[in-house]
Structures are given as C-alpha cells and as structure tokens.
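Number of protein chains: 2
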Amino acid sequence: MINEFYKQRLQGKSVIRELSEYATARGKEIGYENVFDFSLGNPSVPCPQHYTDAVIKMHQEKDPMEIHGYSPSLGNTAVREIVAASLWRRFGIPYKTEHIFMTSGAAGAIAHAVRLVTKPGDEVIGFAPFFPEYRPYINDSGAKLTIVPADTETFQINFDEFEKMLNENVSAVLINSPNNPSGVVYSEETLSKLARILKKKESEYGHDIFLISDEPYREIVFDGATCPYPAKYYDNTLTCYSFSKSLSLPGERIGYIAVSPTATDAGILAIICGQISRGIGHNCPSSTAQLGAAAVIDETSDLSVYETNRNIIYDTLIELGLTVVKPGGTFYIFPKCLEEDSVAFCNKAKEYDLILVPADGFGAPGFFRMAYCIDTEKVKRAMPVFKKFVNEQYPDR
Amino acid sequence: MINEFYKQRLQGKSVIRELSEYATARGKEIGYENVFDFSLGNPSVPCPQHYTDAVIKMHQEKDPMEIHGYSPSLGNTAVREIVAASLWRRFGIPYKTEHIFMTSGAAGAIAHAVRLVTKPGDEVIGFAPFFPEYRPYINDSGAKLTIVPADTETFQINFDEFEKMLNENVSAVLINSPNNPSGVVYSEETLSKLARILKKKESEYGHDIFLISDEPYREIVFDGATCPYPAKYYDNTLTCYSFSKSLSLPGERIGYIAVSPTATDAGILAIICGQISRGIGHNCPSSTAQLGAAAVIDETSDLSVYETNRNIIYDTLIELGLTVVKPGGTFYIFPKCLEEDSVAFCNKAKEYDLILVPADGFGAPGFFRMAYCIDTEKVKRAMPVFKKFVNEQYPDR
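Chains as they are written, first to last, in the numbering used here: chain A, 1 to 397; chain B, 1 to 397.
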C-alpha cells in the first residue's frame, strides 16, 4: 500500500523549485540571458582544477579495486584522518580520525546528527530565517523542529524568544552560519551567548543538549573575515559540513560530521552514526569523491565572484532605499519586501523577469531571498531591471 | 541525549565483520596468502576499462559545472532514460524515464522502496536464507520484517510456510534472486507461483502487496543461464538494483529502483521516492558515478572467475560428501555443516585458517556461507586445506 504520508507531500510543491522551473520555461521563450534567475543556490564557479586532476590521476594510476572498493562504514579511514588533521590545523581543536564520519553532503550529515542525539518525540530548536528542508530533515526522524522567530534587525539569534522556548524536551539546537537565506555570519558574541545558555540549561535539565551546526557556507565569507567556528564555543557540537559549495561539487554528495573531541561520548558518536546508516540506506559517499575531496582538503573554488556580486546587489538595494542586512558570507541576500505580502511582491518582480523567492517558507514573512551564484555580467545587467521594477511598482516607497 | 536505540547496537557486532577482521589480523601474523578468507562479499575483479575511460574523459572534456552539478532529486534525467531503455531492451518491459529512481546502491534502493509501500507497523515478509542487513533496512523504517523459514532442499521459496504467514498486515514481500547467501536463482516456476499467490491475496485483502526485488547479483549467473526477471511475473514489482557487483563499483554507491510500468500508481512512485529522500538525507548518488554507469550500461566486469571458483569449490564439497545446493549465480555457496552447531563447525575451520561464516544470522542454522570472490589461484590452494580440515575433524561423516 503506497505510503500516504509521503504521497500527500506531492501536493506541497517547493516554492523555490516552482520558481526555478518557471525561470527555465521562461528562458525557452525569451532566451535564458533575459531571465534574471535569483532562485537557486547552485554554485556558479567550477571546482578547483586540482580536484579534476586528482580524480583523473587516481583513475589512470590506481588499482580500480582500491579506489572503487567498499569504504568502511564510517568512511575511508585515510580520508577521515585528513579531514581531522585539517580541522585541527585550521580551528585548533584536536580532532582525530575517530571524530569524523563521512556523509552524503550536509543532508546526510544532518540526517545522522539528528538521529544520533534525539529520540522520536524530542524537540530540536532552529532559528528563523532557516533553510526550509530542515523541516523534513528533522521531522521525518521522529523528532520535532520548532523555530525561534527571527531577529529581523540583525538576523543574529533572537535570544529572548529562544530562552522562552527552551524546555526539558529539547535535546538539540540547529544553527546555520553563514546563514541561508540571510547571508549573515553568527558573531563571536552570538556563539558565546548561545553556548552560555545551553551549558546552563544542560546543567538545569540534567541532560546533554547538542548543537548541530550546519556549515556548508563556512568558506564563503566576505571582507577578509573568517567565520567564527561554533565548536570552539560549545563542547557538545556536531559540525555538519558539505564540500558542495566550497569545492563546487554539489552533485558528488560529499561531506562529513565532525564530532567535537570534548563532546559527551565523543569517541563513539561516529561509530553510532555507522549504525544509523544501516537503517536509512546511506552507506557512505562515493569512494572516489572522498579521495578527491581529501586531495584538495584545504583548497576552495575561486569564490571571489560571490563577494563581487554581493557588493553590486547590496549597493543597488541601499540606493533604492530597501531595508537589508549586509551579508557577511554565502551567496544569498535577504532584503525586506516593499509590501507586506512577499508573494505579491515577488509576483510583481516576475513581470520584469526578475525571479526572487518569497521568504515565508524560510520563516521570515515579508522578506525575499536572492541567490547571487550567477555570472557577474548578468548581475550587472539585472540591476537596472531591478531599479525599473522598484521605481515603477513602488514609486512612493 | 545520545540515542540509546542506536547506541545499544554497538553491542551486537556483525559476525561477518568480526571474521573479516580476524582474517586481516591473522594475515599480518602468517601472511595474507596463507589465510583462506571466504568471509566477505567484495567483488574481486576490476571494473570495466570502459568505465574508467568514461570517467577520465568526462573529467577531461566536460564542463565541471555540468558533471558535478546537483542532480535533479530523482537522479540525472538522461541517466534515468538510459537505464529505462536498457531494461526495456533486456527484459521486454516498457520502462520509461519516469519509472526510474537513482539510488545510493541497493541499500538506498531498499530504504526507499520499503518506505514507499509500507507505513510504520506494516509487515514485510522475507525468505530465509537472507542477507542479515535486511533487518535494519526494514525494521528501522518502522515496518516489521518477518522471515519465512528456508526450504533447505532447494533454497527456493518454502510456499507452505509462506502461505501460512501471509496476513492482511503484509504490504510488501522482499525477495533476492540470485540469492545471498545460497547462490540459488529463483526459477520461473517459483516466481510464477509467488505471483499467483500474491495476486490472489491482493484481491482477498483488497489492497496492494508490493514485491521488492533486490537484484544486485542479477548479472552473475552461471552455466549460460539468465536470471528470470521477477517484474515479468508480477505487476506490483519494485526492482532494486546496484551496480556494485556487476561493474565492481561497491564504493561508488550507485543503483536504482525500477518501478514496473504496470504497478499501481506507477507514474508517481519514483516522484514519491524523491519525497522520502528529503527525510533520510539521501539526495541522489554521485553525479559522475551516475554518468559513468550510464556510459557502460549494458556491460559488466569480467565475471567469469566466479563461475570458475564455484566449480572448483562445488566439486570439492561433493567429493567430500557435504550436502550443498549448486549455486546458479552470485559468488556465494551455502553448504550444510558437518555438525549441528555451525559456529562450532566454523571455529574448527578457523584452526586451519579457513574463514567460513556460520549461517545463523542468515536465518538458516546449521549451514555456512563461503564467499568465493577471491583469486582462483587461492581457491585452488584452499581446497586441499579444506579437505584436510574435513577429513581430520569429521573422519566418520
């Protein structure tokens, strides 16, 4: 009998996907170059040449049985060692091989992390604005995601609301910095305060509260800054990473969980993840993708285009008088709409072939998201169109 | 709070893994060439050179953004089309792109299939002997796996027991032909009878009963035979496939579900699988592995070594007077032990550095499994050792 729970989901189509499909269809009508599609978060720069070289070389020179053989269930041991050493070097936390669990991207990492530290019925707290896929990630595990409303002034954490919502049933807190959709990087102050509150509550409730830190955009930060590393602030941190954005390899599905060495039971958490895999059909990312990522562990694609695009768009938005927090990273910007109804706002933009995403699904109604992982040339051509849209539709703003 | 359900699993170590680890440790002591390790089902022949060539070529010539970009959530559309066309060509069933869902190997395929056609609490019936990982695959989804005892004469289906166990709560039946661990290929007669019974029960119960057919060994059949294709016998079939064995790519985690075009709601089942992925962190196999497998869709590794090995081992077992069903495929053989306690039997073999797997975990106590995906030279050297073991330990058999 077909599972009705999943079948019903077909009714609720993703707004982002619908817009992206619209953009593709519209592109066929008027030419792709004339559709200004800011809907999708797909990297727009190629992977490093060193990655390509490493993959070609291993296929030319290595024994196929070695590179295509089963990974151990926690991932290729040599790769885990390289990941641990890189994190130790970069963030000063003494990760070892045993703390690393290789995953199919950040989705796989979060799927394991939530099952690792919650049981069905437990609560996971997340913060608006948030990536809408967190809902199925968390809720399908049997835990329940609740969302703290946004601090729309800064898009840091709304601590007043957070403290009100904390309760004994909370076994994990989920953060995402740099943030999709706001582009905001959580400050040291935010992370310190979060850690203080969680430690206090752990002791008050008499149980662990794990911090699940989703960090696919960690390497995309602007203005010469670096992103404060959440695990430095809080012991019980599970760092969920994907190489999708930093190496522009979203199709390879390659990432990891790094268990903080100071977390409760740190030495066995990755092993338990291996047990979780058995039930959800995961069984490691591709062996050659693991080897490829390890070969370029401290490299990234040329990510500078995202900062260039951010500057162009931010300056235009400010010039037009829109309210917007300046993104510190990612390839998203998250301005306030010029009317309350973000769907109406984005529909009007669509008339100008500007594809913007209304933010209701991100838990911040009245805002919209622009993904600027597109060619700078196109971003530049989009700005006069954006100005025309705003000036014509909202002359009295 | 760490999930106790998964943590408890660390207590119950896999017998196969323990034996394999023992073999590795023993190899360090006396040299790997002197340990006759029949424990693990890892392909022992390289992938086709055409696969390697295709992967190298795509990395040399294609746009990295194209080959490493996100797959659509059901898999690369062109790859799905190639898979569908190949299945149609080979088995005469008119699969289309919409019937194919790309997965991370057979594990990913079964994880989706079981969630697709059961709800928590439903029953899935499997048949002994069976691959022990079916337990977590099924049980962790919330459904419940029950096992029909083996027909130890033939290792076809024990239909008397099956019919007794069928009940209204059964929403899926799981088969695996060619079979791990028995090596037996289900006959046309078996599949026809299974289909007749299921059709009758569907009408009696007034609901679908889906056949989940796990077929990673489909291409490894002996004596010039081909493996009867279950979907030809029963409409509501979900064919779960992995390229791990046929292309010797277990580390690449690449497979698919093929929904029979005549299944109930056939046109939307793959789409629903895409919804299931959102909650279990799956999100498609590696994009380049999909493209690589599609490039050699109708090829296999040189699988002839497995038949050679089967012949050598089968002849020796018969010569020694053991009871064994001749495998029609796979790289396993499943003889009866020479004493009731299969663990004791295999422990005695271990004294001769013969690593055999006791079959209790496969649901057929009193038998043992030998995986002969190893070099023929080593199989030949193992036979005198096996003879010595049997003759010394069971002189009066």
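Misleading hints may appear alongside valid ones.
Intra- or inter-copy, both count: the list cannot distinguish identical chains.
[As the list claims (entries may be wrong)] Here are the computed lysine to aspartate or glutamate pairs in the DMTMM-like style, where the Cα-Cα straight-line distance is at most 25 Å:
1) K387 with D160
2) K28 with E66
3) K336 with E204
4) K193 with D53
5) K7 with D208
6) K348 with D360
7) K144 with D302
Calculated from the structure, these hints are not laboratory results.
Verification of the supplied hints:
In the homo-oligomer, the alpha carbons of K387 and D160 never lie at most 25 Å apart, since the shortest distance is 37 Å inside one protomer and 75 Å across protomers. In this homomeric assembly, K28 and E66 come within 25 Å of each other (Cα to Cα) only across copies, at 19 Å, whereas the closest approach inside a single copy is 45 Å. Taking identical chains as interchangeable, the C-alpha atoms of K336 and E204 are never at most 25 Å apart, the minima being 38 Å within one chain and 59 Å between chains. In this homomeric assembly, K193 and D53 never come within 25 Å of each other (Cα to Cα): the closest approach is 44 Å inside a single copy and 54 Å across copies.
In this homomeric assembly, K7 and D208 come within 25 Å of each other (Cα to Cα) only across copies, at 15 Å, whereas the closest approach inside a single copy is 36 Å. With identical chains, the CA atoms of K348 and D360 are at most 25 Å apart within one copy only, with a shortest distance of 16 Å there and 66 Å across copies. In this homomeric assembly, K144 and D302 never come within 25 Å of each other (Cα to Cα): the closest approach is 38 Å inside a single copy and 49 Å across copies.
Figure legend: structure checked against the earlier numbered hints; hints not met, in rising order: 1, 3, 4, 7.
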